[in-house]
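> Number 156 in the working numbering belongs to position 100 of the sequence shown; there are no gaps in the numbering.
These aren't lab readings, by the way, just hints derived from the structure by calculation.
Just so you know, even glycine gets a beta-carbon here, dropped at the ideal spot from N, CA and C.
Take these hints with a grain of salt, some might be off.
Unchecked claim - What follows is a list of derived Cβ distance ranges for each label pair:
| hint | residue 1 | residue 2 | range |
| --- | --- | --- | --- |
| 1 | 72 | 193 | 28 to 38 Å |
| 2 | 194 | 127 | 27 to 37 Å |
| 3 | 167 | 210 | 23 to 33 Å |
| 4 | 143 | 189 | 31 to 41 Å |
| 5 | 76 | 194 | 26 to 36 Å |
| 6 | 175 | 92 | 18 to 28 Å |
| 7 | 114 | 160 | 30 to 40 Å |
| 8 | 91 | 71 | 21 to 31 Å |
| 9 | 193 | 71 | 31 to 41 Å |
Claimed, not checked - Below, computed lysine-lysine pairings styled on DSSO-like, alpha-carbon distance capped at 27 Å:
| hint | residue 1 | residue 2 |
| --- | --- | --- |
| 10 | 204 | 190 |
| 11 | 190 | 90 |
| 12 | 190 | 133 |
| 13 | 60 | 88 |
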Amino acid sequence: MKNKPLIIFFFPDEKGNFLYHLGAAYIISYLKAKSIYAEQFVSSELIGIKEIVEFVLDRKPRFVGFTCFNSNYFLVKILSKHIKIKNPEVTVMLGGPSATFSDEEIMQNSNYIDICVRGEGEKAVYELIQTTQKDFGGILGITYRNGKKIVRNPD
Numbered sequence: 057m058k059n060k061p062l063i064i065f066f067f068p069d070e071k072g073n074f075l076y077h078l079g080a081a082y083i084i085s086y087l088k089a090k091s092i093y094a095e096q097f098v099s100s101e102l103i104g105i106k107e108i109v110e111f112v113l114d115r116k117p118r119f120v121g122f123t124c125f126n127s128n129y130f131l132v133k134i135l136s137k138h139i140k141i142k143n144p145e146v147t148v149m150l151g152g153p154s155a156t157f158s159d160e161e162i163m164q165n166s167n168y169i170d171i172c173v174r175g176e177g178e179k180a181v182y183e184l185i186q187t188t189q190k191d192f193g194g195i196l197g198i199t200y201r202n203g204k205k206i207v208r209n210p211d
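Take these sequences, add in the hints, and give me the full structure.
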């Protein structure tokens, strides 16, 4: 069996396929160079929400990251909800264009998304996974939930 990933990345398209994403690959490579195991879920077969949630829970990551575009936002939102309902301890983060440019709207419209990573995510994701508490105040380029408050750190 493979190592247990600290973070699993997903890039669902609007048709329900799960594709490779170069941005996630860059982050995985960055983490690998720092001896942190991460993986990207890829499948061209249609897979149900239940199966995706089971996959995530079986792998036991601390973080789940989604690459989010306007075209896949609602699928990302649904998957995030089901993952958080089954395991509220998993931190769900979004990256990509929608997370970069609509971070506050995303956070206001989904209680199941914990963090939006804006812009290039390598350093921010690394800092996030190094944090043992939910105190993300010093991490640049993120928007996160602190209780009921939404906090937008500087770029």
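> For which of the previously enumerated hints does the structure constitute a violation, in increasing order of number?
4, 8
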